[in-house]
Amino acid sequence: MGMSDAWLLPLLPAAAFVALTLLGPYLPRRGDWIAVGAIGGVFVLTLLIIADFTDALAVQGEAFAGVANSIQWLEVPGHLELRLGIHVDAVTIVMLAVVSFVGLMVQVYSLGYMKGDSRYGWYYAVISLFIASMLALVLADNFLLLYFAWELVGICSYLLIGHYSHLRSATEAAKKAFITTRLGDVGLLIAIILLWRETGTFNIQEVIAAAEAGQIGTEILTASVVLLLLGAMGKSAQFPFHVWLPDAMEGPTPVSALIHAATMVVAGVYLVTRMLPLIELVAGGPELLLAIGLLTVFLSATMGLVMTDIKRVIAYSTINSLGLMFVALGVGAPAAAMVYLFTHAFFKALLFLGAGSVIHATERQDVSQLGGLWSKMPITGVTFAIGALSMAGLPFLAGFWAKDEILVSLLDNRAAFVLVLVTLPLTAMYMTRVLILTFFGEPRDPESHEHAHEGSPFMTVPLILLAALTLVSGFVVFDQVGKAMGFPGGIGEIIFLERAHSFEFDVAVGIGSTLLVALGIATAWFAWVARPSVPARSLALLRPVHDLWANKYYLDDLYQAVIDRVVLSIARVVAWFDRNAVNDTGVDGPAYATRYAGYLMKFQQTGKLPNYALGMVIGVVTLALVAFSLKA
Amino acid sequence: MTVAQIIFYLIAALAVGGALGVVLARNAVYAALFLILALLAVAGVYILLGSEFLALVQVLIYAGAITVLLLFALMLTRTTDVAESMTGAQWPLAVVVSMLLGGLLIVTVTTSDWPGDADGTITRILFEDLGAALFTQWAVPFEIASLVLFVALVGAIVIAREEEGE
Amino acid sequence: MEAVTQQIPLEHFLALSAILFSLGIYGVLTRRNAVLILMSVELMLNAASINMVAFAAYASPELFTGMIFAIFIITVAAAEVGLALAIILRVYRNRGTANVDEVSDLKW
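Protein chains in written order, with the working numbering: chain A, 1 to 632; chain B, 1 to 166; chain C, 1 to 108.
Since the hints were made in silico from the structure, they are not lab data.
Take these hints with a grain of salt, some might be off.
Said to hold, decoys possible - Partial chain B-side listing against chain C, Cβ under 8 Å, derived:
no.	residue
1	GLN5
2	ASN27
3	ALA32
4	LEU35
5	ALA38
6	LEU40
7	GLY44
8	VAL59
9	ALA94
10	VAL95
11	MET99
12	THR110
13	ILE122
14	THR136
15	LEU147
What the hints assert, rightly or not - One-sided and incomplete, this derived list gives chain A residues near chain B with beta-carbon spacing under 7 Å:
no.	residue
16	ALA56
17	VAL59
18	LEU614
19	VAL621
20	LEU623
21	ALA624
Note that CB positions come from ideal geometry on N, CA and C, so glycine has one too.
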């Protein structure tokens, strides 16, 4: 099992999807063991592929440029050749590791969390399809397959957000997520077509090579990069498309962990990482990335501070993290972004699964109704705390190292550096806040607190495994750790070989960020533990700011107004046109005309044999005359 | 003009005259008698073409059996002999169309380049040759033709039979 | 088989056939009585037969195809007359007429 066999990976869960869809109701346990078995197989195969990757790296060193394997799909000789295939390099390996491991954890967790759900089999079918699509997305060596997988993960996200289809809010959120990301997807599609028109190939590596060789005109290149970024921004919930992600929390919590934290939303980051050489060719491209990232980081940090839904708070922290990754990409540090992506997947999945554990136990998800769960749910409490502190950026947890990477890469860009530093205490503050309000203090809803209990081992074991990874996964940035694991160096040195970057720990930055994080944690402790009156008083003082944040900067309302005024007006015009011009005239018109013509012509049917015979003879004579005139 | 030519024009005149009688006669029975004349003339044409066997068949089956059958039908349907009821309303148009068609056919016949001997040399076909061919080479079509006749006979009986209570 | 020279060109037979055929067409188009229409159809069939036999005699006597065709035409004509007369009788019994333009139910 080498890297060139990685095409097997998506096929396993895809087969599970087919099996569950066709046979689901007839299988014992609705076939969940097929889905879990498939993702387990994917995980094992991924380990084998990583081993192969390590060997290849050890042998080839910096010459290693990835392994490609493709087959011809269709060909129009002389015009077009489409190939389907995979491309495996270090970025792919990181994504594979994240998708397969988090996917496995979430699938196992769902055994406990989704137990008794009325659409249990369907849930496992769709989540298998999602994993298959996500694997295909990261393995794709060409834009066509990538786009295909890109839309498939979007569909799966839509289906899973709307899993509780009896809830109107869930279906609305599913539609919102799908339509919002679609806006970006259209950009991606146009970008792909533009690049294909210029270079004649869909292959990602070939397109990049062509662009670097200057074969693409500046205007076209700029347009395609902007459109590509639109796609990435939509998927990765960057401003101004970020509005769908908090609403997506209507889906089952394991889905939020897998799709809306660890894997699908980082597809945008993945795409930007892949296309970074292209983006950097465009003047202003990296700056645009940086600006989007910073804006997203700042907005999400402030909004997360006032949200009361435990999952929404984590969702805003996800947007925050995705923004940080865009910032890192914007300053040309893909390694830092990938390290953050890698560690973020673990601690964010951990946070969501922990939140899911709380919701499963109490059936409440608003922090104003939680509290005091530490003693009732010790495993969840401890693991959630590890996740929250890692997100906050406390030293030696995974989040700390990854965040430090990004901060170091920002050192040359003062303004961005300062802005990110400002958001650090905010992030720390709201993560601590949600931790405190959920697990400490007096229970605010005694009834649900009463029968809260730890979930089954299916739920706690993934929590523990993810917490362990959150504790240690950050250390992969060190050379020594990388070498001990068989890699030639730390993760930063292998992800982008042409831009190898060994980890340098900047003591000043580390201490500075730690102090800021500590400040945030202390403020949170002061406000919600030591002086519980502080939030109320500051609320009275800062009412307008709170309202601005709690209403998400009125962006949702703005979008709604635009939809009501502009989109629906246009839609009414289109609907009128459709009804009157297309339907009544275009479709019914010919029907009426045909019927009327039939009415007029039916009188030719006299029913008299001689008339018909005469018609036949006239026809024959006419044909003969025509033949004669043609011959003459 | 050779004797054969004289005979041909005589026979052709009879055939055309008979045919005119068939389509123009005001009396249906006269029309049937004219048909016999026309069919006998066609038999003469067959003889001129060297197919005595066909001429015999023509006389026996057409002029004999089929015309008698037609006369029976006329009798059974008690066709009236009222003059104006014999010709349909579209006869002027029919005259034009059929003359046009005939003209076209004759123009085609005269302007085309036909195979065959310019002297009018024909190949006379002997009874025994035709019989041998019919029962060896053409045995299967022959059998099929007999089957067609049989089925038509059964069908005619089934269709024309008076059902009980009718 | 033996060759005979009669000095009659092939075109003469074909022209006779064309005239008979046109007259048959005229009869089919103008006659009202179904039996008379049938007689006109017989004229057309005979015209076709003359064509067949003439071509066989002048151009391609080898396989007797023209004669065989004529024989089959006569056979089919017999079958057709039998069936058609049965149908005419049936119509006459049901409708009291054998005039085709009076049987015009199959219209709008």
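Do the hints match the structure? See the list:
| no. | hint | result |
| --- | --- | --- |
| 1 | GLN5 | holds (6 Å) |
| 2 | ASN27 | violated (10 Å) |
| 3 | ALA32 | holds (7 Å) |
| 4 | LEU35 | holds (5 Å) |
| 5 | ALA38 | holds (6 Å) |
| 6 | LEU40 | violated (11 Å) |
| 7 | GLY44 | violated (11 Å) |
| 8 | VAL59 | violated (11 Å) |
| 9 | ALA94 | holds (4 Å) |
| 10 | VAL95 | holds (7 Å) |
| 11 | MET99 | holds (7 Å) |
| 12 | THR110 | holds (6 Å) |
| 13 | ILE122 | holds (4 Å) |
| 14 | THR136 | violated (11 Å) |
| 15 | LEU147 | violated (10 Å) |
| 16 | ALA56 | violated (76 Å) |
| 17 | VAL59 | violated (80 Å) |
| 18 | LEU614 | holds (6 Å) |
| 19 | VAL621 | holds (5 Å) |
| 20 | LEU623 | violated (10 Å) |
| 21 | ALA624 | holds (5 Å) |
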